[in-house]
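**Q** Given the coordinates of chain A, assemble chain B onto it according to the supplied hints.
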Amino acid sequence: MSAPETRTAPAPTAGGGMAAVEAGARAAAKSDRATSSAAKTATFRVWRGDAAGGGLVDFTLQVSDGMVVLDAIHQIQAEQANDLAVRWNCKAGKCGSCSAEINGMPRLMCMTRLGELDLSQPVTVEPMRAFPRIRDLVTDVSWNFAAKKSLKPFKPRAPDAPDGTWRMDQRDVDRVQEFRKCIECFLCQDVCHVLRDHHKHDEFVGPRLLVQAAMLEMHPLDTEDRVDDLRRAHGIGYCNITKCCTKVCPEGITITDNAIIPLKERVVDRHFDPLAKLVQLVRGRKR
Amino acid sequence: MQSLPVLAPPRRFGQTSRRDAWWVQPAITFLILGSFVGYATWAAFQDAHYTYGPYLSPFYSPELWGSSPHAWFGAKPGWIPGWLPFSPALLILPFPGLFRFTCYYYRGAYYKGFWADPPSCAVGEPRKSYWGERRFPLILQNVHRYFLYFALLFLLILASDVWKALWFTDAAGARHFGIGVGTLVLAANTVLLSGYTFGCHSLRHLVGGRIDQVSKHPVQHACYRTCSKFNRGHMRWAWASLFMVAFADLYVRMCSMGVWTDWRIL
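Protein chains in written order, with our numbering: chain A, 2 to 288; chain B, 4 to 269.
Don't read these hints as lab results, they were simulated from the structure.
Honestly, I wouldn't trust all of these hints.
[Said to hold, decoys possible] In silico lysine-lysine, BS3-like type, Cα no more than 30 Å apart, as pairs:
#, chain 1, residue 1, chain 2, residue 2
1, B, Lys219, A, Lys153
2, A, Lys150, A, Lys182
3, A, Lys150, B, Lys131
4, B, Lys131, A, Lys278
5, A, Lys248, A, Lys150
6, B, Lys131, A, Lys182
The following block holds chain A by itself, in its conformation from the complex:
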């Protein structure tokens, strides 16, 4: 990769006359806050380019305490690179849009405070590597939605009540509720080396969709059987339990321990454990 191009924000212009007086008064009124949010300079090394290629470009700007990486990207967009492409929406860690790789680790830009980063060195901001790049920090994550269609949908048992409703015990839904926290940021897909480095998108659905499969498969009302699909079509055997997906999940979902490994165990029940298979034959498959 070539040496990063460097751009610097224009120095703040000195305000004149009344504007300067008002600015001074505002600053004095907010002296406490001003003290704690003293501006400092930071360099952001942002990947710029498209599907054909690109490289890292340095942007130097004034930052202050409390800012997140997305704020810095927006500041770059406003002051230095108006055409910088970035996907974002809620700025509250709930829409899963602003996924990127910050200093090499998949993270949400809106949830990464600058205070957590070492600003004495350039902060690297790159698009996710597991998906095709569209432009700058924006990647095409549509594969995830296409792959999701390969999961068998929710198939509830017959309603429990004459009005067509069901009754569920809270204890039965406790386990799957964790999986519903997923915001589909696809950071787990990005960090998974099966997709990221080995590009097994045709054979492996990745951690996000295994969480979805776990949510459906463990649901107390569901009657569908996905175990054979998990082994063959969804390639659960590709997961070698690095737990990187759990590490990067912004919602703190214990993806590996609570979703993938229990699904692996269900595959073992069906395909690799003659004793469990015997028990299943006697008792019936779905419990």
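**A** Chain B only, in chain A's frame:
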């Protein structure tokens, strides 16, 4: 599934934009696990200094055949060929060893530390091909639960070893209740191994995780919740029990060799 258009090419081995010392954790795993395997293999082949008074090294428990009073069935049987290296540990150590080898936690750790697959999260890998656990030999990792059954059995045996370690024989041949440092070491080893085993992912699945409507199975639900509590600290239990089992063997060995003195507390 839908194929993807062009993706960023995979990074070279070790290539990453990460700034942190990502290599430290796999390096520590490599050093500790490598040292443990080296020490355990050496200790298993020694066939000596594995008992001291009422203490029996956990590497040699259960002692099926052997020269110590702890042996269940007496001395080495004649049907074992003389040319085969023999030690009581060689007969039983493969079971707890394979329980750890196929453990979900250790798998993730040693795939990183020993095989760089990947070296760490978001770090380039040395190989282009990847089979995962879909083909031989790693598909055999799926037998983990069978080694779990042995591990549960061994916990009972280790607990009985702790009980035996409470009874000391004096010079006149009489047995007296007592507690030595070695008793505490063996007890701590059993507790830590139990914590590790009770948090096993396979056990968690077998006792209740396989059931979708746990409210109809309160006993299994209670077992599942207990296993889940241990499971949350599975990594810590795994390392603590690994250290302790090696230390327990070392303690008995050092006492037997006369290097360390076993202090009696009671």
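**Q** None of the hints should be skipped; say for each whether it holds.
**A** How the hints compare with the structure:
About 26 Å separates the Cα atoms of lysine 219(B) and lysine 153(A), which keeps this hinted pair within 30 Å; it holds. Proximity of lysine 150(A) to lysine 182(A) is assessed by CA-CA distance (about 20 Å); at most 30 Å being required, the pair is judged to hold. A distance of roughly 29 Å separates the Cα atoms of lysine 150(A) and lysine 131(B); the hinted pair therefore holds under the 30 Å criterion. Between lysine 131(B) and lysine 278(A), the direct Cα distance comes to roughly 36 Å. Violation of the 30 Å bound is thereby established for this hinted pair.
Restraint check for lysine 248(A) and lysine 150(A): the C-alpha separation of about 26 Å stays at or below 30 Å, so the hint holds. For the hint pairing lysine 131(B) with lysine 182(A), the CA-to-CA distance comes to about 34 Å; that exceeds 30 Å, so the pair is violated.
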